Amino acid sequence: MSVRAPEVVSSKPKSDLAANHTRKWALWFAGIAIAGWLFYTFLVPNLGSGPQLFIRQWMPLGSINEALVWVICAVGLNIVVGYAGLLDLGFVAFWAIGGYTAGWIMSTFFNQIENGFYFLSAAPPNQPGIHINWWIVLIVAGCVCAFSGIIIGAPTLRLKSDYLALVTLGFGEIIPQVFLNGENIAGFNFTNGAKGIAPLDPVAALPFGPATVAIGNAQIAISKPLGPFDVTAKYAMFVLVAAFAVFVSLRIREGRLGRAWLAIREDELAASMMGVPLMQSKLAAYAVGAFMGGLGGVVYAVHNNSVFADRFNFSISIILLAMVVLGGMGNVWGVIVGALLLAWFNSTGLPQFGSSFNSQFGTDINFPSFNYLIFGAILVLMMLFRREGLFPETRTRQVLQEAERSDAEELDGGEA
Amino acid sequence: MTAASLETTKAALTADNIMVRFGGLVAVKGVTFTIPDQSIVSLIGPNGAGKTTFFNVLTGLYRPTTGTVKLGELDITGQSPHKIASLGLGRTFQNIRLFGLMTAAENVMVAMHSHTTSNILQIVGRTRHQRREEKDSREFAQEMLDFVGIGRHADEYARNLSYGDQRRLEVARALALRPQVLLLDEPTAGMNPQESAVFVDFVHRVRDEQKVSVLLIEHDMSVVMRVSERITVLDQGEKIAEGGPDDIRNNPRVVEAYLGRTGTEGSAR
Ligand SMILES: Nc1ncnc2c1ncn2[C@@H]1O[C@H](COP(=O)(O)OP(=O)(O)OP(=O)(O)O)[C@@H](O)[C@H]1O
Ligand SMILES: [Mg+2]
Numbered sequence: 001m002s003v004r005a006p007e008v009v010s011s012k013p014k015s016d017l018a019a020n021h022t023r024k025w026a027l028w029f030a031g032i033a034i035a036g037w038l039f040y041t042f043l044v045p046n047l048g049s050g051p052q053l054f055i056r057q058w059m060p061l062g063s064i065n066e067a068l069v070w071v072i073c074a075v076g077l078n079i080v081v082g083y084a085g086l087l088d089l090g091f092v093a094f095w096a097i098g099g100y101t102a103g104w105i106m107s108t109f110f111n112q113i114e115n116g117f118y119f120l121s122a123a124p125p126n127q128p129g130i131h132i133n134w135w136i137v138l139i140v141a142g143c144v145c146a147f148s149g150i151i152i153g154a155p156t157l158r159l160k161s162d163y164l165a166l167v168t169l170g171f172g173e174i175i176p177q178v179f180l181n182g183e184n185i186a187g188f189n190f191t192n193g194a195k196g197i198a199p200l201d202p203v204a205a206l207p208f209g210p211a212t213v214a215i216g217n218a219q220i221a222i223s224k225p226l227g228p229f230d231v232t233a234k235y236a237m238f239v240l241v242a243a244f245a246v247f248v249s250l251r252i253r254e255g256r257l258g259r260a261w262l263a264i265r266e267d268e269l270a271a272s273m274m275g276v277p278l279m280q281s282k283l284a285a286y287a288v289g290a291f292m293g294g295l296g297g298v299v300y301a302v303h304n305n306s307v308f309a310d311r312f313n314f315s316i317s318i319i320l321l322a323m324v325v326l327g328g329m330g331n332v333w334g335v336i337v338g339a340l341l342l343a344w345f346n347s348t349g350l351p352q353f354g355s356s357f358n359s360q361f362g363t364d365i366n367f368p369s370f371n372y373l374i375f376g377a378i379l380v381l382m383m384l385f386r387r388e389g390l391f392p393e394t395r396t397r398q399v400l401q402e403a404e405r406s407d408a409e410e411l412d413g414g415e416a
Numbered sequence: 001m002t003a004a005s006l007e008t009t010k011a012a013l014t015a016d017n018i019m020v021r022f023g024g025l026v027a028v029k030g031v032t033f034t035i036p037d038q039s040i041v042s043l044i045g046p047n048g049a050g051k052t053t054f055f056n057v058l059t060g061l062y063r064p065t066t067g068t069v070k071l072g073e074l075d076i077t078g079q080s081p082h083k084i085a086s087l088g089l090g091r092t093f094q095n096i097r098l099f100g101l102m103t104a105a106e107n108v109m110v111a112m113h114s115h116t117t118s119n120i121l122q123i124v125g126r127t128r129h130q131r132r133e134e135k136d137s138r139e140f141a142q143e144m145l146d147f148v149g150i151g152r153h154a155d156e157y158a159r160n161l162s163y164g165d166q167r168r169l170e171v172a173r174a175l176a177l178r179p180q181v182l183l184l185d186e187p188t189a190g191m192n193p194q195e196s197a198v199f200v201d202f203v204h205r206v207r208d209e210q211k212v213s214v215l216l217i218e219h220d221m222s223v224v225m226r227v228s229e230r231i232t233v234l235d236q237g238e239k240i241a242e243g244g245p246d247d248i249r250n251n252p253r254v255v256e257a258y259l260g261r262t263g264t265e266g267s268a269r
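From first to last, the protein sequence lines are chains Y and U.
Residue 407 in the working numbering sits at position 407 of the first sequence; the count goes up by one each step and never skips.
Residue 169 in the working numbering sits at position 169 of the second sequence; the count goes up by one each step and never skips.
Mixed in with the good hints there might be a few duds.
Unchecked claim - As a list, the in silico DSBU-like pairs of lysine-lysine whose alpha-carbon atoms are at most 30 angstroms apart:
#1 Lys10(U) x Lys24(Y)
#2 Lys70(U) x Lys135(U)
#3 Lys10(U) x Lys211(U)
#4 Lys10(U) x Lys29(U)
#5 Lys83(U) x Lys160(Y)
What the hints assert, rightly or not - Covered stretches of chain Y (in silico footprint by chain U; criterion: 3 or more residues with CB under 8 angstroms from a CB of chain U, positions within the stretch not fixed):
#6 230-241
#7 246-256
#8 260-270
Source of the hints: derived by calculation from the structure; they are not laboratory data.
Fair warning: this is a prediction, and the values are worked out from it, not measured in the lab.
Ideal Cβ positions, reconstructed from N, Cα and C, are used throughout, including at glycine.
Can you build the whole structure from these sequences, using the hints too?
Dropping the structure here:
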């Protein structure tokens, strides 16, 4: 047993390859994000009206900003579903909780505080309510969601996966309902009910510094409170939040916690027999995922400048899941691509294609109403033909290549 | 060590009057059993005798209907499996249960979870403590893989290893818990006689170099007789005999239990 075969001069260790792979994708992510910003800041304003119209129709920056919200949430869901292998059908709950946290501490909503509580906020002075700098709100909302994740998870994570899926689905339905009906809880208005919370405080990139900085003929907002049309500044900020979520996902994958999640995904019983505390590790996955859901909720609230409970419906959870599956469960980069593709398709691609189609052929088909049909079809097709997603994580890809190889070997054997 | 001298050394693990009931079926009936410190003992018995069930009680997967389990002096009855594992009870599985899509090194590192402390913030921030811990874990994992003789496969996915290497990886993984007691459930299943012979030496090496007590469930009598310092025989959930290899070989009840089964099995085939 101690006889060793001569050391094979192998290629680089897997960890090195993985690091290279990560670096390559991270560079692409940063490169595309910056190119996008340069494009919309400097190039688009100088284009002729024809190309401008085309971009406004097919690639408006507003829809890209919204897609970034989806990216943040999908990356969070990927921690739960892709890393730890726990099916969560109610992720919208965290999106909603994050949104309402922003609504509570970034608006005049708590007008009981008459003189207003301000902290590094870009909101106009002397208003009632709580006004906290939005970067801090992100952290607060993330923590609130992580905490909610633990509260929701503690009783449910003991369940076997199918039941877990059902219970999370329930929570995904209940929590938006609570917000919708939270107008009068023991005489206290928590959520403004169906009227929602609007407007939110304007946000700024930084709480101090010059209002704007001129580069060429573009004005880059620094401490200027951003209005609804300052989409390029918001784009830059949302990209940073997304980058943070990605960064956390990648880092956490590497350490002991990431390994524990993988082990649980692979074989829960064996993991527990190797000293991995199941509940604690699953709760950690839930909490980290929820934290990112909270970030997404705040970004969404800022993007819309409002929070409405009726936007947080079941379909959000399903679309998020579709994004994770389409992109490649467990692979952050794949999930980002999946999220961008589906979000763009849903908000812009399909409606735009529909109106082009209708005007071309004189028809009157309501294309956007087919979006769930199309999502469903995509999911079914993926399950049939490419279960591992568009960009599977290296591990899963390995299985596939291997399956092909062993098929081939079987054939060889048959012929021999 | 002889069987007699084993009685006097202190126990690494003690199971006292263990009973396990699955509905109407009593799978383990009042078994009392000790593993002396630094010894190699075997649990044998015909199929369905309750051996794996007994293992599962020791490792906390099942809570015994009655009885207590002590690891050293510590009562671990009813503790959760991960707690028991971290207290020093490592095991392998009758049907290999590796983390297939993790590399051999990662498999071993999973078992070091309870010996490492980095929290989420330290992992994300990649603090010095976390980096040191990762490096140490990686080195220790490599050490364990070298020890079982599959060091060169550290970066291969567990599912791609050969059957024999997978069995060794299971041992390396269990050893990474730095256990006081190592439970091996049918470790030679699927091995040919030469491999089994090598395995006997391997178990001795594990005991001597890793300073653990080893409990084996084993069907291969030649392995059992050569490796064990003491043997316990279960039949239909009951302990029917206990002693050194020679005692067991000549024990009429054991012969009867085995022959009885073999007879019916033989006629069934
Ligand atoms: N979870 C369970 N629920 C109900 N019955 C069980 C369970 N686990 C084991 N049993 C029963 O308990 C008895 C003992 O099974 P066990 O697996 O412990 O036997 P074993 O000695 O390990 O046998 P083998 O040599 O085949 O591995 C068997 O009759 C089995 O069917
Ligand atoms: Mg068994």
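Are there at least three residues in the stretch 260-270 of chain Y whose beta carbon sits under 8 angstroms from a beta carbon of chain U?
-> holds (count 7)
Within 8 angstroms of chain U's CB atoms, at least three CB atoms from the stretch 230-241 of chain Y: coverage verdict | violated (count 0)
Compare the distance between the alpha carbons of Lys10(U) and Lys211(U) with 30 angstroms, and conclude whether the hinted pair is satisfied.
-> Cα-Cα ~14 angstroms, so holds.
Under the criterion that the straight-line Cα-Cα distance not exceed 30 angstroms, is the pair Lys10(U), Lys24(Y) satisfied?
-> Violated, at about 57 angstroms.
Count the residues of the stretch 246-256 of chain Y with a beta-carbon closer than 8 angstroms to any beta-carbon of chain U: does the count reach three?
-> Check passed, 7 qualifying residues.
Taking only the CA atoms, is the gap from Lys70(U) to Lys135(U) under or equal to 30 angstroms?
-> Judged against 30 angstroms, a Cα distance of about 34 angstroms means the pair is violated.
Taken at face value, is the distance from the CA of Lys160(Y) to the CA of Lys83(U) at most 30 angstroms?
-> holds (21 angstroms)
Quick one, are Lys10(U) and Lys29(U) close enough, alpha carbons at most 30 angstroms?
-> holds (25 angstroms)
Consistency note: the structure conflicts with the earlier hints numbered 1, 2 and 6.
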